[in-house]
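Asker: Read off the chains here:
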Amino acid sequence: MKVASADGEVALKEVAAESSAPTAAQVSLRRLWRLKWGLAAAAILLLIVGAAALAPWVSPHDPLQVNIRHRLAPPAWMEGGAAAHPLGTDQVGRDLLARMIYGGRASLVIGVSAVVLSATVGVLLGLGGGYFGGRADWLIMTLINVMLTFPFVLLALAVIAVLGPSLPNMIIVLGIADWPFYARVIRAETLSIREREFITAGRALGMSHLRIIFRQILPNLMSAIVVIATLQVARVIILESFLSFLGLGIQPPTPAWGNMLGEGRIYMLNSWWIAAFPGLAIFVTTLTINLMGNALRDWLDPHMNL
Amino acid sequence: MRNYVARQLVQLVVVIIGISILSFGILHVIGDPVLLLLPQNAGREEFERYRKLLGLDQPIYVQYWKFFSNAIQGDFGKSWYADTPAFRLVLERMPPTIYLTFAGLGVAMLIALPLGILSALKRHSVVDTLCTAVAVAGQAMPIFWLGIMLIIIFAVQLKALPASGYGTWQHFLMPAFCLGAFLAPITMRLVRSGVIEVMNMEYIKTARAKGVGERMVVAKHALRNACIPVITVLGIQFGQLLGGAIITETVFAWPGVATLTVESIRNQDFPVVQCAVVLLALVIVSVNLVVDLVVGFIDPRIRVGA
Chain A
1 MKVASADGEV ALKEVAAESS APTAAQVSLR RLWRLKWGLA AAAILLLIVG
51 AAALAPWVSP HDPLQVNIRH RLAPPAWMEG GAAAHPLGTD QVGRDLLARM
101 IYGGRASLVI GVSAVVLSAT VGVLLGLGGG YFGGRADWLI MTLINVMLTF
151 PFVLLALAVI AVLGPSLPNM IIVLGIADWP FYARVIRAET LSIREREFIT
201 AGRALGMSHL RIIFRQILPN LMSAIVVIAT LQVARVIILE SFLSFLGLGI
251 QPPTPAWGNM LGEGRIYMLN SWWIAAFPGL AIFVTTLTIN LMGNALRDWL
301 DPHMNL
Chain B
1 MRNYVARQLV QLVVVIIGIS ILSFGILHVI GDPVLLLLPQ NAGREEFERY
51 RKLLGLDQPI YVQYWKFFSN AIQGDFGKSW YADTPAFRLV LERMPPTIYL
101 TFAGLGVAML IALPLGILSA LKRHSVVDTL CTAVAVAGQA MPIFWLGIML
151 IIIFAVQLKA LPASGYGTWQ HFLMPAFCLG AFLAPITMRL VRSGVIEVMN
201 MEYIKTARAK GVGERMVVAK HALRNACIPV ITVLGIQFGQ LLGGAIITET
251 VFAWPGVATL TVESIRNQDF PVVQCAVVLL ALVIVSVNLV VDLVVGFIDP
301 RIRVGA
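Sequence lines, in order, name chains A and B. The opening position of the first sequence corresponds to residue 1 in the working numbering, with each subsequent residue numbered one higher. The opening position of the second sequence corresponds to residue 1 in the working numbering, with each subsequent residue numbered one higher.
Please note that a few of the clues may not be correct.
[Stated by the list, open to error] Some but not every residue of chain A turned toward chain B, in silico, with C-beta under 10 Å:
#: 1; residue: W77
#: 2; residue: M78
#: 3; residue: Q216
#: 4; residue: N220
#: 5; residue: G247
#: 6; residue: Q251
#: 7; residue: T254
#: 8; residue: I282
#: 9; residue: F283
#: 10; residue: L296
What the hints contain is simulated information worked out from the structure, not anything from laboratory work. All C-beta atoms, glycine included, are put in the ideal place defined by N, C-alpha and C.
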């Protein structure tokens, strides 16, 4: 009965395939269409990254140029706004658009560097714990539990308070606070891959542990790592902005979205735009990164459970 | 069950020791308390004298033991700034943080539970897509920006709510919403996947086959079992929730532990920072323990496995 129905299904599929077989081009188009949100997000993100990277060429003004006579000018479309300052100016007359373009630099550099650091640490510990098991694994798991119990924000605040705020310190702190997310996933995946036959075969062929870990297990985890790393960039950017917002991150007058938002808070009674636009920049950036990360996950492995 | 409780308690002790090492290490290993305490132009003898006075000339494990044994008795030293015991300062600020956390949790549940269940039952419908879109946007939203936007709209423009502070129920509205909006997206997605998983279970099919109405299937069979993943998630999310409360407090000048911690960091008042970090972590660990025990009690599979 089962065989018959399976045969029937196959036959039906064959008929369907003959009548309207989608061409290769159609298939890839359909795949792309499913990724439409991710692609749109990637395009916007590319724009943001491009603007930050090419800031000296695309920025309409110098982000540090003070102009007291034009201070607190509203955006161009509001009454009293000037076309020279499309998004208005801040409390000392610096152009808001220019500061936003430059402000992206700190967030993006910190976001990407911290993620590279935390991914390296987290992946190595996750691989080691998952593969070798035993006491090392217990220690790593405990460390992960302790770190995940600690609110990420509090940890970063406390460490920055001791180290003092600077770009390298921010990267180190955010990188170190972030590794357990990778370690936990990678460890669990390693545990299951370790039991697969090709690992046993590798051992039987006399491969060293290191070779098995880096040549046989790690390549199987690359898509998971890429997806987590992408999503974590957004998290790190939000946290960096929050530290800068509190005055514990990037120090003024260097523009960063976080410290602009923090400064704007003081003037929000009359000049909402100083706080609104930098926050919007953070929001759009993290949103596009998240959308891209989700699309990446669906594209690489729809069954991935992250 | 007894075994399960014992295992959880052992884990609790290990995590607490880990947290105490972490918070001790932040000040004593990464930083140097004397450098932070004394003015930069203090002489060498002055440094040595203070080092002795604070017991910093002793080996690090002796210092740690002293810190740990005192901390267990609730003695984190005196605040360097206010000359009162750090423990009392932090404890006084605990209630507002706890109220805010629960209010935020309540708002998050009010949003996440109905929407999560609805989008799980009506998968791939317009409602589901809409909910997912809002959740994706919500996850990317920096809540300190959301808070400021709320203040600009409701306090500055509409003059409907107090911009910051503590006291009446009106003071609760914006911070609670802010924190709820922080927690709701991830909770909604987890509720959704939890309900979807349960709806595919054999006993749901059995109930349907028996002729139980769809409404009863959802209310009596699905929701009760979907409670387990939701409770677990709430436990895991509690650390996140407190992290969100920290951010929310600083935006609305809420007189809780987080505001105190940030103030203390600005004043370089490390006993208070240490105490706040340890106590907050303790709260999180205890909530996690209670959640684990409750879940283990509801679902026997969990306490046998793992």
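Asker: Would you mind marking each hint as holding or not holding in the structure?
Answerer: Taking the hints in turn, this is what the structure says about them:
Proximity of A:W77 to chain B is violated relative to the hint, the smallest CB-CB distance being about 17 Å (cut-off 10 Å). Checking A:M78 against chain B by beta carbon gives a least distance of about 14 Å; that is not within 10 Å, so the hint is violated. Given hint, A:Q216 at the interface with chain B, is violated; its Cβ is 28 Å from that chain's nearest Cβ, farther than 10 Å. Using the Cβ-Cβ criterion of 10 Å, the hint placing A:N220 at the interface with chain B is not satisfied: the shortest such distance is roughly 24 Å.
Because the smallest distance between the Cβ of A:G247 and any Cβ of chain B comes to about 8 Å, under 10 Å, the interface hint for this residue holds. With a least beta-carbon distance of about 14 Å to chain B, the hint placing A:Q251 at the interface is violated under the 10 Å criterion. Hint status for A:T254: violated, given a least beta-carbon distance of 19 Å to chain B, over 10 Å. Against a cut-off of 10 Å between C-beta atoms, the interface hint on A:I282 holds, since the closest Cβ of chain B lies about 5 Å away.
Because the smallest distance between the Cβ of A:F283 and any Cβ of chain B comes to about 6 Å, under 10 Å, the interface hint for this residue holds. At a threshold of 10 Å, the smallest CB-CB gap from A:L296 to chain B is about 14 Å, leaving the interface hint violated.
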